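For this one, chain L is given, so just place chains U, V, Z, D and G on it according to the hints.
Residue numbers (the numbering used here), protein chains in the order written: chain L, 5 to 326; chain U, 5 to 326; chain V, 5 to 326; chain Z, 5 to 326; chain D, 5 to 326; chain G, 5 to 326.
There's no promise every hint is true.
If chains are identical, the list can't say which one is meant, so a pair holds when it fits in one copy or spans any two.
Below, computed lysine-lysine pairings styled on DSS-like, alpha-carbon distance capped at 25 Å [said to hold, decoys possible]:
| # | residue 1 | residue 2 |
| --- | --- | --- |
| 1 | 274 | 208 |
| 2 | 54 | 274 |
| 3 | 54 | 208 |
| 4 | 274 | 179 |
Please keep in mind that the hints were generated in silico from the structure rather than gathered at the bench.
This structure is a prediction, so every number in the text was calculated from the model and none was measured.
There are 6 protein chains.
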Amino acid sequence: MRKIWYNGKVLDESEAKLSIYDSALMFGDMVFEMTRSFNKQHFMLHEHLKRLQRSMRCLSINCEVSFTTLEKACHLITEANSYEMRDDDEHRLMINVSRGILSIYSGVVGVQQGPTVMITDFPLKWTVRGFGKLYDEGVNAVIPSQRAIPSRYLDPKLKHRSRLHLQVANIEVSKYTGDNNWALLLDEDGFIAEGTGDNFFIVKDGVVYTPEGRDILRGVSREYVIALCGMLSIECIEKNIEPYDVLDADEAFMTGTPFCILPVTQLNHKCIGNSSIGYYTKLLLDEWGNSVGVDIIKQIKLWNTTSTDSLNVTPYMFKEMS
Amino acid sequence: MRKIWYNGKVLDESEAKLSIYDSALMFGDMVFEMTRSFNKQHFMLHEHLKRLQRSMRCLSINCEVSFTTLEKACHLITEANSYEMRDDDEHRLMINVSRGILSIYSGVVGVQQGPTVMITDFPLKWTVRGFGKLYDEGVNAVIPSQRAIPSRYLDPKLKHRSRLHLQVANIEVSKYTGDNNWALLLDEDGFIAEGTGDNFFIVKDGVVYTPEGRDILRGVSREYVIALCGMLSIECIEKNIEPYDVLDADEAFMTGTPFCILPVTQLNHKCIGNSSIGYYTKLLLDEWGNSVGVDIIKQIKLWNTTSTDSLNVTPYMFKEMS
Amino acid sequence: MRKIWYNGKVLDESEAKLSIYDSALMFGDMVFEMTRSFNKQHFMLHEHLKRLQRSMRCLSINCEVSFTTLEKACHLITEANSYEMRDDDEHRLMINVSRGILSIYSGVVGVQQGPTVMITDFPLKWTVRGFGKLYDEGVNAVIPSQRAIPSRYLDPKLKHRSRLHLQVANIEVSKYTGDNNWALLLDEDGFIAEGTGDNFFIVKDGVVYTPEGRDILRGVSREYVIALCGMLSIECIEKNIEPYDVLDADEAFMTGTPFCILPVTQLNHKCIGNSSIGYYTKLLLDEWGNSVGVDIIKQIKLWNTTSTDSLNVTPYMFKEMS
Amino acid sequence: MRKIWYNGKVLDESEAKLSIYDSALMFGDMVFEMTRSFNKQHFMLHEHLKRLQRSMRCLSINCEVSFTTLEKACHLITEANSYEMRDDDEHRLMINVSRGILSIYSGVVGVQQGPTVMITDFPLKWTVRGFGKLYDEGVNAVIPSQRAIPSRYLDPKLKHRSRLHLQVANIEVSKYTGDNNWALLLDEDGFIAEGTGDNFFIVKDGVVYTPEGRDILRGVSREYVIALCGMLSIECIEKNIEPYDVLDADEAFMTGTPFCILPVTQLNHKCIGNSSIGYYTKLLLDEWGNSVGVDIIKQIKLWNTTSTDSLNVTPYMFKEMS
Amino acid sequence: MRKIWYNGKVLDESEAKLSIYDSALMFGDMVFEMTRSFNKQHFMLHEHLKRLQRSMRCLSINCEVSFTTLEKACHLITEANSYEMRDDDEHRLMINVSRGILSIYSGVVGVQQGPTVMITDFPLKWTVRGFGKLYDEGVNAVIPSQRAIPSRYLDPKLKHRSRLHLQVANIEVSKYTGDNNWALLLDEDGFIAEGTGDNFFIVKDGVVYTPEGRDILRGVSREYVIALCGMLSIECIEKNIEPYDVLDADEAFMTGTPFCILPVTQLNHKCIGNSSIGYYTKLLLDEWGNSVGVDIIKQIKLWNTTSTDSLNVTPYMFKEMS
Amino acid sequence: MRKIWYNGKVLDESEAKLSIYDSALMFGDMVFEMTRSFNKQHFMLHEHLKRLQRSMRCLSINCEVSFTTLEKACHLITEANSYEMRDDDEHRLMINVSRGILSIYSGVVGVQQGPTVMITDFPLKWTVRGFGKLYDEGVNAVIPSQRAIPSRYLDPKLKHRSRLHLQVANIEVSKYTGDNNWALLLDEDGFIAEGTGDNFFIVKDGVVYTPEGRDILRGVSREYVIALCGMLSIECIEKNIEPYDVLDADEAFMTGTPFCILPVTQLNHKCIGNSSIGYYTKLLLDEWGNSVGVDIIKQIKLWNTTSTDSLNVTPYMFKEMS
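Isolated chain L (complex conformation) (with noise of 0.2 Å):
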């Protein structure tokens, strides 16, 4: 059985829960990070651990764990699971931390003990099943009548999750006809936010453009791409993009953790380009897939195949991923 670390223990991942009591549970009280591994190779660990303090520091959760003591523990559970993993499995680690148990309910389930912190790690195949046709056909971004939260309301840039406006917006969209609708949400100025769980990117005449990190979450992909950018010399800009902006691109894509990038072929059913992976998108994807020693692409459409289980996934449903 698979391990998780939980406030210091390595217990089984059937221990995975937490009170009712918990601000977390309560409130919405948690902030998290998700990873993934290449060729079982944390990615990026190091800039989720530093994302993870900030939104701590941001929402005055005291956690004592210091980021040393975090990152080892990473290490030691996913070390702990590998032999829970197949060889073609990569490592999906999601790092929690809680508030705590609400001090008036202290009374009810005994001494307040502060934050929880709790890491859990389980092949990252599961969260991306069925995805293996989307590099081919592209996704179809829906905007729904669910908009963005203004960041000065309850600020996205902190990972946490108090998000049930995301699961509205999943639940809205899967009422759309036809196959491969995401949600893309607006924010309230009427500027692309992000999707439920992925950052957005348009290509117009050689430059790539994401929305500016104001009422998203500025995703660790995100960051990515905008570094590989760089390293291609491709000019990359942040800058506020309406959906005009998206039908008049030559090619979109999305960025998340699971699946690194996925072409974007449609807005609202209406062609983006010509409608099918773009130059730019298949060439970042490519340069992310040498960096990291693993074609993404064909990764993804293996474990399509390969797996064995046919359980049902509705679209509102397969979404946690940025």
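Just chains U, V, Z, D and G now, with coordinates in the frame of chain L:
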């Protein structure tokens, strides 16, 4: 040990936990109700459960537990825990319904089961620790920089758990000088919305006013106060209220399930009316007590006196109450 | 061939055209009314023409045709076309007033003539093709991403033609699964505004509610339903309504000139009340029918049955009705 | 008589009309372009037609006329009308594409034909009557109470006809004292958007600024001025501009297809810079003239002088130009 | 020479000055009231002083002068100046309370004294110069581009001096053609707010409407008109009003302390009702006059006639009146 | 006694007063500048006076005093007061221009004179009392509930006196626990705007950022820091900044005329960087000092030490500094 109801089973309270892969923890995707008893009889349980069902329907949480089953389960748990309660205790039920394990994690945690319904129960007194003096001194309502999330982004009328911003407001208010500071949030237009677990009322020239039911939870206690006004032939109007109106009022109060009604005698450290519990506030509290056969102030003050636990309750922790 | 009234002249219907240099086509700068008859008697013609004059005055369209002349012209055209109508037909008048040729184009098209007044007339049945089943199944109101334009930018209370955004909403809704989907627009605050050719009502605990007359056309049918409520001693309140309120309602319906009242049984595919035509909806429809001596549902269903034309009506095309 | 191109046919200009049942008149549901020639050679025709196609795609107007056909039709009509033009005339093409007859009216007007494409052509001089003196006196840009409609409600980057609010702005400005008053609309945030048929620029310390391409039409003349700046090694920045910035600028100008560039010397009757045509304004105008072989100011002044028509052009009527 | 009351002392009017280091001049940090007499008896003085105290409390201006002292001081100054007034004069009191010298400037101007209370008094006639004809011709209310500052930024219900934007609105309106133009500001939602020194009312079908007391000063004259409606059994409703509603009304008027009520016969140069003083407007003005024993119109017209001073009063200068 | 310049006359400082009937007191209708000297040489006087003229032009304050006269007057007063200053003093000029007596009050105070120009001068040290320790401890920037007024309502880029809301913010912040709390206002979008008399900067990875010049005064000190960055080859970017960005920064500081630069080490009681004065903050302060020949920190600390006055300076009183 106290018991809980968990998807049809009666379990020990120590089992009141949810999987980290439940949508409740992933997205704050859980609806709930919290009730109280008077003389150990449930108050407005029917109204609470009706609202719970409405919250589920609005969010497409397709829970198959019927209204009758839910109601019976509440009584069952109350009965089961009756031996754990002191004579002067009251019950506090918490009924949570989560969407369940996200389907992408079914590979991790096994077969997906759909929504989780959990009912817990504990002595109400723990949630009103230290409130006795507030009936004499009154609350100082403080308007934090944090605004209520507009309902079009995430509707507070659905009683859900995705509300980290309320904790942010509580933390902010904990930095103010003085005791008895409770957060009172404005909405985007600068109108009074609600506290972080309570509704707000003012009284002016014998008329009671409370904010329109827009960017707030339409609390059961709020509804009951409106009903009490009707019984007492006091006019009660739902209306946009600004800070100016509060300072122009004769009295003000907050409502919440555990404490029913609390006088508010200051707004941002400025006096409201004559700075003590107001005539109508007291009248409504007395009438409420009469209707349920409990002297509400006396009961809370008694609990404060006899309580042997001396836990340090920081201001931003004591709220979970409407 | 049917006749039209064109700036004082009676012409063939084939002359119902406007110059491409008219401000109507240049700027959507035209006001209009559309009416219907019951048993071939005009309904609320006076109210429609009064609103037409108000629209003109607000937009400084200085048309010199008097109210009396307009009214007479309507009757004249109705009479002229009576021989073109079947016994079971009803008249549908369309009265347009454009600002006229823009002065900069007087060089192109000759002397500038000022406003153009055009009255056309045709059988009502064409505009309610396929609506019969909606009285049984009800409409599924779908909230699109497209919002109503706030009245301070362009006032929908003036019945003008500059409303491309309504077509955008219709196109958006045509992409949803299922039949009977009609767009229902929210305003900027997330309140229900109106459909793309209809007003909206809910009923809760025997009280009828309809959105305040702000970001909507104050439809003549809407006004008549309010009047019918008065006649039937049903309380009818103009009030901000949110999607939550619709799902909390007992019944809902839309109003529009061609069909009078249509039941709305779903909001975003979620049931409203018991998912069939509501008690008050039926009561109001019956009362309306009584007041004009027509069984409204029966008439529309009959037209649907006897109609020999089988044109394919795509969802975003069938709306032009309030 | 001048000729027009109408869905593939060449007709007399007097046929330049649309049915009252066309979506163009029903909903302002038509897209268009207006061009001009220099020395009878079309200017930027390719760019205009590309934008036309983008407008159609964004609005799901499925017109089957190809780009090449459109381009040829423009030249065909130009050629056909060459005998109707004086030697010193320039062509002004207007290309309109409407969605076509609404399907519910197919019963009225017969078989539905889909989009209507219409190309008309006339002497440019009529649209710049009286503009000659503006090159000396400059325009007084007046900010009306009417705001630009935010692009998320109706996108001005699509060149459509649903823009009655621009006429409302023109009417409002016609009530101001003084000559040469042109409306300059603010967007919802108080930033300069555009005129009612022109884009706006300022110059400060040798740098040219123009509003970001958000709540405006991204005019072809605007794009050309940006290109001219590049050719002249003048920095040109797209940026939010406030009225304060205009009064703090050294010079200002407007751009539009018929007149290319017009100096703006006042904002709300307050001087900008030294109140005459600015150095960079003149430089850009000269460079434009050089690039097309026409002295733009001289041509317009000449037309003004020789024109024999003395029609009274009220301020709110002379705008249709970007 | 007229006298003033200055922090308890009676001084010559020439001493009616404040230090440049007073917070009043530094921050517009002063509250005030302006009253008038009828037949030399103060009108609503009690209400004015109550509001003054509320303004001070809301802004934490801790003035130690009691209500009684303030009231007596008003009467004292009135009495002192009675010999300076003509028989047909009325008193106009201005009562200012500033926060006082900023503490950082105590080094400059010596010991800090706290708030300054100053009461001045002069003949009312000077403030209504030229108003006589407005009772016949009516005001043309003009909506400027300048909007009312939303109350959540700076609350106009507190009668303070930080309101430069009202002068900006006056200056803007002074550029319009025609006489009798008065600014009427919209709020951020496009609802009518108030003039730059007056409140606004409309009458429709015998019911009087005035904007909700949100983004406005709740003027004493406004309150009195509401009271007069009660006395006359005219329904008076506080409600959001849009420009459309004004043009749809039967009559309109403004209220302000010096002139009580003025008919508004145009909005943006478009007629309201029949363009002369309305029935209810006249009725309310007569009733007001009866209640105070003064023929209000006659008095103002008389002052206009007999006044020997011929100062040039530019439009943006004559407002200081609510 | 110190002298002032008053509309061309040199008067005693005790005459630095304005009539209560001046538009400055009536409407907060006055513009101003405040400067400082280094080693008794005026700093950026030219820039201050240029801005003063721009403020006047934007507000249509038609002052006839020329730029040269203003400049000379500043020097004249400085010279006149040189004997009143200690050797270690610096001059602080305050230049006010009011619109003048409102014309309706010309009857009260005699002939209207137009704008009043007043220049005063006093030792700078009084305005930085107690600031010495802030260079060691840093400021705790606190975000109050009070938001900056959006520039479209009242433009803070014009340096005017109608800014009571800044005092409201100061009062609010004075209620927080802890020392060194300074208000830092957000704008309507939740971006950092400015303090109540200072501009804000952050430093991240060696790049300096400051809010765009929109809802702020573009302070002369702000401009100088941008220039210093240029001199030191530090990149400085004007950009929207959110609270998240501040907590993600390495250092932060405020700028204002009296103190030049002050380190900000906390935001809402949460640490920024390592909680002491940052590397770039110190570098810029040193460079500033070098450029003017004054050790800025030392000078302020010295004044704090030698000052014999022990006035109690409450937090909300000590701000008047940009």
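Consistency of the hints with the structure:
1. 274 <-> 208: Only inside one copy: residue 274 and residue 208 sit 17 Å apart there, 40 Å across copies, limit 25 Å.
2. 54 <-> 274: Classified as between; 17 Å across copies, 39 Å inside a copy.
3. 54 <-> 208: between (33 Å within a copy, 15 Å between copies)
4. 274 <-> 179: For residue 274 and residue 179, the Cα distance is within 25 Å both inside one copy (17 Å) and across copies (11 Å).
This entry satisfies every hint, going by the numbered hints stated previously.
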